[in-house]
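Taking the hints into account, I'd like the entire structure generated from these sequences.
Residue numbers for the sequence shown, in the numbering used here: 2 to 326.
None of these hints come from the bench; they were simulated from the model. Just to be clear, a hint being listed does not mean it is correct.
[Said to hold, decoys possible] The calculated BS3-like cross-link candidates involving lysine-lysine, where the alpha carbons are at most 30 Å apart (straight line), are:
#  : residue 1 : residue 2
1  : Lys221    : Lys273
2  : Lys260    : Lys273
3  : Lys288    : Lys54
4  : Lys260    : Lys221
5  : Lys273    : Lys210
6  : Lys189    : Lys288
7  : Lys273    : Lys47
8  : Lys221    : Lys189
9  : Lys41     : Lys288
10 : Lys47     : Lys89
11 : Lys35     : Lys47
Treat the numbers as computed from the prediction; the structure is a model and nothing was measured.
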Amino acid sequence: MIHTAAWKIICDAYGWDSPEIISVRSGLINNTWKVITEGKVYLLQKINTQVFKHPEQIDANLQMLDAYLQAHAPGYLFTAPVASSEGKGLVITGGEHYRVFQWVNGSHTIDVVENVAQAREAAYQFGQFTALLEGFDARKLHITIPDFHNLSLRYRQFDLALQNGNSGRISGAADAIAGIRARKDIVKRFEQFIQHRDASIRVTHHDTKISNVLFDAQDKGICVIDLDTIMPGYFLSDVGDMIRTYVCPVSEEEQDLEKIHIRKDFLVAIEKGYLGAMSGALSSYEKDHFYFAGELLIYMQAIRFLTDYLNNDAYYGAKYPAHNL
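Written out as structure tokens, the structure reads:
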């Protein structure tokens with residue numbers, strides 16, 4: 002819940018008079034509430050500063066992108082924070098950072114991809130977002146999570162865990178460790194890609210799970226949301242995370258590995274959707290690495306889970322002993 006003093010400051014900042022507030026279970030990082038006042042609906046969030054160390058940089062990113070899109074794509078719905086009475090996107094009280102978004106009426110989110118049409122539509126939305134910002138200099142954006150998708154760093158962290166981690170877990174995870182080592186060529190291919198002259202840095206979402214797309218009643222995409230991880234990056238990040246989270250019929254929490262397989266029609270849907278928006282922007286070299294994006298993100302996330310397991314679940318935590326393994 003929000004402390005009474007903080008709640009009063011927030012209400013004053015947005016001119017709310019005795020609004021109704023409802024907790025929303027949305028996302029894993031920030032605390033979120035639905036606020037209803039005078040016939041209007043808003044989304045209130047408290048930013049998790051353990052994950053996002055500099056909320057003001059996130060706000061600056063969103064303000065820059067909002068200004069660019071207002072000028073170059075005014076018809077696109079970009080969910081920028083609502084300005085407070087002081088004209089700011091953040092309200093800071095008691096060391097906590099709050100912000101407010103307009104509620105998008107008639108919209109809904111999807112937690113698990115159910116069909117190829119949803120996969121294609123979500124991929125199009127993420128592609129369209131980056132395509133509309135093709136003229137924006139991505140290097141102006143603040144890095145909200147440093148090295149978020151840096152595979153070279155993740156492999157070095159894995160190596161350190163093998164040297165300094167839990168010796169019992171290291172010996173018990175020998176097969177998984179061997180599997181990571183056997184595919185180390187993916188690290189080299191990643192490094193070759195980012196050094197190539199035809200691999201461009203763009204405005205990249207970095208968290209393209211389907212729940213970060215708003216859909217209308219006909220399951221047509223409206224816009225992308227959850228914009229805190231927007232940073233300069235490579236298309237590999239967005240496409241790879243879609244492949245990682247859309248093509249498997251079960252979630253990453255599944256313990257029965259026999260249920261895990263690649264739904265090739267979903268893979269094709271991602272390609273059609275994303276390239277439907279981004280085909281004209283990507284170089285031939287980038288298009289040739291479309292499926293490598295899936296290898297990259299699946300491999301990197303496997304490394305991160307295994308590394309955390311060897312380090313006694315210090316980062317992700319665990320609901321049971323072998324959870325991260």
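These are the hints, each one checked on the structure:
{"no.": "1", "hint": "Lys221 <-> Lys273", "result": "holds, 15 Å"}
{"no.": "2", "hint": "Lys260 <-> Lys273", "result": "holds, 26 Å"}
{"no.": "3", "hint": "Lys288 <-> Lys54", "result": "violated, 34 Å"}
{"no.": "4", "hint": "Lys260 <-> Lys221", "result": "holds, 29 Å"}
{"no.": "5", "hint": "Lys273 <-> Lys210", "result": "holds, 17 Å"}
{"no.": "6", "hint": "Lys189 <-> Lys288", "result": "holds, 18 Å"}
{"no.": "7", "hint": "Lys273 <-> Lys47", "result": "violated, 36 Å"}
{"no.": "8", "hint": "Lys221 <-> Lys189", "result": "violated, 38 Å"}
{"no.": "9", "hint": "Lys41 <-> Lys288", "result": "violated, 44 Å"}
{"no.": "10", "hint": "Lys47 <-> Lys89", "result": "holds, 15 Å"}
{"no.": "11", "hint": "Lys35 <-> Lys47", "result": "holds, 12 Å"}
In this structure, the earlier hints numbered 3, 7, 8, 9 are contradicted, and the remaining ones agree with it.
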